[in-house]
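First to last, the sequence lines map onto chains A and B. To convert, note that position 317 of the first sequence is 317 in the numbering used here; the numbers rise steadily by one, no gaps. Residues are numbered in the numbering used here as their position in the second sequence, beginning at 1, plus a constant of 1000.
Bear in mind the hints are in silico, worked out from the structure with no lab data behind them. Heads up, the beta-carbon is just placed ideally off N, CA and C, and yes, glycines get one too. Watch out, some of these pointers could steer you wrong.
As the list claims (entries may be wrong) - In silico lysine-lysine, DSSO-like type, Cα no more than 27 Å apart, as pairs: (1) A/K217 to B/K1164; (2) A/K142 to B/K1065; (3) A/K305 to A/K56; (4) A/K183 to A/K97; (5) A/K296 to A/K98; (6) A/K199 to B/K1173; (7) A/K217 to A/K62; (8) A/K199 to B/K1065; (9) A/K139 to B/K1173; (10) B/K1164 to A/K98; (11) A/K142 to A/K124; (12) A/K296 to A/K62; (13) A/K62 to A/K305; (14) B/K1173 to A/K217; (15) A/K247 to A/K98; (16) B/K1065 to A/K97; (17) A/K97 to A/K303; (18) A/K350 to A/K336; (19) B/K1164 to A/K97.
Said to hold, decoys possible - Here are some, though not all, of the chain B residues that point toward chain A, as calculated from beta-carbon distances under 7 Å: (20) D1078; (21) V1080; (22) S1236; (23) T1257; (24) G1261; (25) N1262; (26) I1266; (27) S1267; (28) A1272; (29) P1273; (30) L1281; (31) T1286; (32) E1287; (33) A1288.
As the list claims (entries may be wrong) - If the Cβ cut is set under 8 Å, some of the chain B residues that face chain A in the computed set are: (34) V1050; (35) I1052; (36) S1075; (37) W1077; (38) I1147; (39) F1148; (40) K1173.
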Amino acid sequence: MRRSTMRGRLVGAILGGLVLGWAAVPAPASAEMLMNGAGATFPYPIYSKWFDEYAKIDQGVKFNYQSIGSGGGIRQITERTVDFGATDGPMTDEQLKKAPGELFHIPTVLGADVATYNLPGNPKLRFTGEVLADIFLGKITKWNDDRMKTLNPGVTLPNGPIIVVHRSDGSGTTYIWVDYLSKVSKEWEQQVGRGTSVKWPVGLGGKGNEGVAGQVKNTPGALGYVELAYAVTNKLAVAAVQNAAGKFVEPTIASTTAAAAGAAANMPADFRVSLTNAPGEAAYPIASFTWLLVYKDQANEAKGKALVRFLWWATHEGQRYPSDLLYAPLPAAVVKQIEAKIRQITYQGKPILAAR
Amino acid sequence: MEQSVTGGGAAEGLPLPRAFLARSRGAAWGDRVFMGIVRGCVAVFVLIMVGIVAALVYESLPAIKHFGWRFIVTSNWDPVVESFGALPFIYGTLVSSLLAMCFAVPLGIGAAIYLAELAPFWIRPPMGFLIELLAAVPSVVYGLWGIFVLAPWLRVWLQPALGKTLGFLPLFKGPPYGVGMLAAGIILAVMTVPFIATVSREVLLAVPNTQREAALALGATRWETTRLAVLRYGRSGLIGAVLLGLGRALGETMAVTMVIGNRPEISASLFAPGYTMASVLANEFTEATSDLYLSALVEIGLLLLGVTVLVNALARLLVWSVGGSVKAVRE
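Same shape as in the complex, but just chain A (with noise of 0.2 Å):
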């Protein structure tokens, strides 16, 4: 008897579980709106500490967003799945077309590539695109290549190789050099093209910022690239680059804010824009956006108006933030032209900004 009512209650207290489980799934909470978003990593410590902030001004909204990668973001947007994406390379024609309505793409703060490097007493360095493109591509092989020597006299450049090390995964951070190194160089662009991974010439690949800086470290002669922020928190060699106007320009927050700035005058109306190689003397030649991508007419008029508010916000008195966490934020003129795009944004074909 004892045996069974034991058995017995032990059954019922599986099934108990099993109907406790499915009744304890929480219900979502009606009193503060969710926004969702998903997309670019590299930004998300900056779009963390926007969220945090806003959260102290608009109690009434609470963002949720998952640093899944700027190819989730696209493909979680263009089905609609969150209320924001977010990528570190604009979308591509054919991937607008996809998408079931208009997609605007919102500029929220720059980032920017250094060249880090390992050599003995690590001298300051200086590289033309060319250059960069041709050990890149394997056609500079050593150190005291002739080419390195011009660029850099009165540095003793040791007669080794140049071991290269890129970064093995995805990123944006990869785009933005890749890009660059296409801009300035045909056979690049030929041979290589853009892209978040590419198929190296040459080189190891290290995981992530850390896992090339890492390498870089270890490997006595290696040469890699790494994002702004990185360097600069761990105090790494960076080299200066000489820009499209001809100038050696040291990767800076106030340098990669230029390549902006010089980019301004000619932004095309979607900001789908390269920034690298921009044009303006003081302009840091590896530079580039990082966007927002929202929705031109929005399915939900609550959460549209706070998507709205939220991105007049973050452009505006939101890019005091960026520079702490080494960002740049964007230049004045560029932030002019993307309250035009915020103005544009639309429930049901009104717009959701009214003009001030």
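We have chain A already, so just place chain B on it with the hints.
For chain B alone, kept in the frame of chain A given last:
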């Protein structure tokens, strides 16, 4: 009483405990529920497996249709022009795991023999614990250790030394980068050794003492006893331990990615960088934007599953082929 347990269930003359239980209400009902629950447990596994395979096949259909057999026999991996050949990844996965087994199997089984057969009793628990601790270290920590300790050590010491002494072999040719196939093999060996050692020790401890006593009584030495009575008896269990380690090596992602150099090329040299299937998935999945690219990556996932199943099946065959004698000993 003992007989009644095995011979129970006869219609007449039920043994006392069974008769007592039969009177209890709902005994048959309870059996059915119990049966249903445990059956359900197994069904969940079957469903998960079928679901995974179905999803992988469905998602990789575009790549399978587009590339066909070329996908597994060509080596060009160029996401920009969407030309995908997975051979270097398959090669990298197999070679890095095989290399790891070359290091880990003798080391793991050796440690197990010491701990189960020879070590003084006071040393066994702390040593066993230490080995189990190795299994608990997260793989990213192994990866960081690989980048900052192992790779520089390989580059400065081991690879130049090997190059100088055995450099005439194609295995040890090329510049010493530190990272590469050799580093991946060593990392995987370190990661799989605790599994192999721990399971092997359990297997050896389960060998009945009568086996050892019999061998010793015949005048066998320590080594002969271990070899003839213990290892032979536990052979299928030991192969199981190796399989467990191999399974982990084939699927390991993070640590390998950090030290293998991530270059999709097939090279005879162990110094050269390589790439594995799990690594390319982890590296490129998040930023794969085009459908064909994504589909190609999913097909790699499917291949990885296929390779794992294949390797396991081969190992099972191995167990069966040596299994006859083991069974004879056991029964």
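Could you tell me which of the numbered hints above are not met by this structure, giving the numbers in increasing order? Hint check: 2, 7, 10, 15, 19, 22, 26, 27, 28, 30, 34, 35, 36 and 40 fail, others pass.
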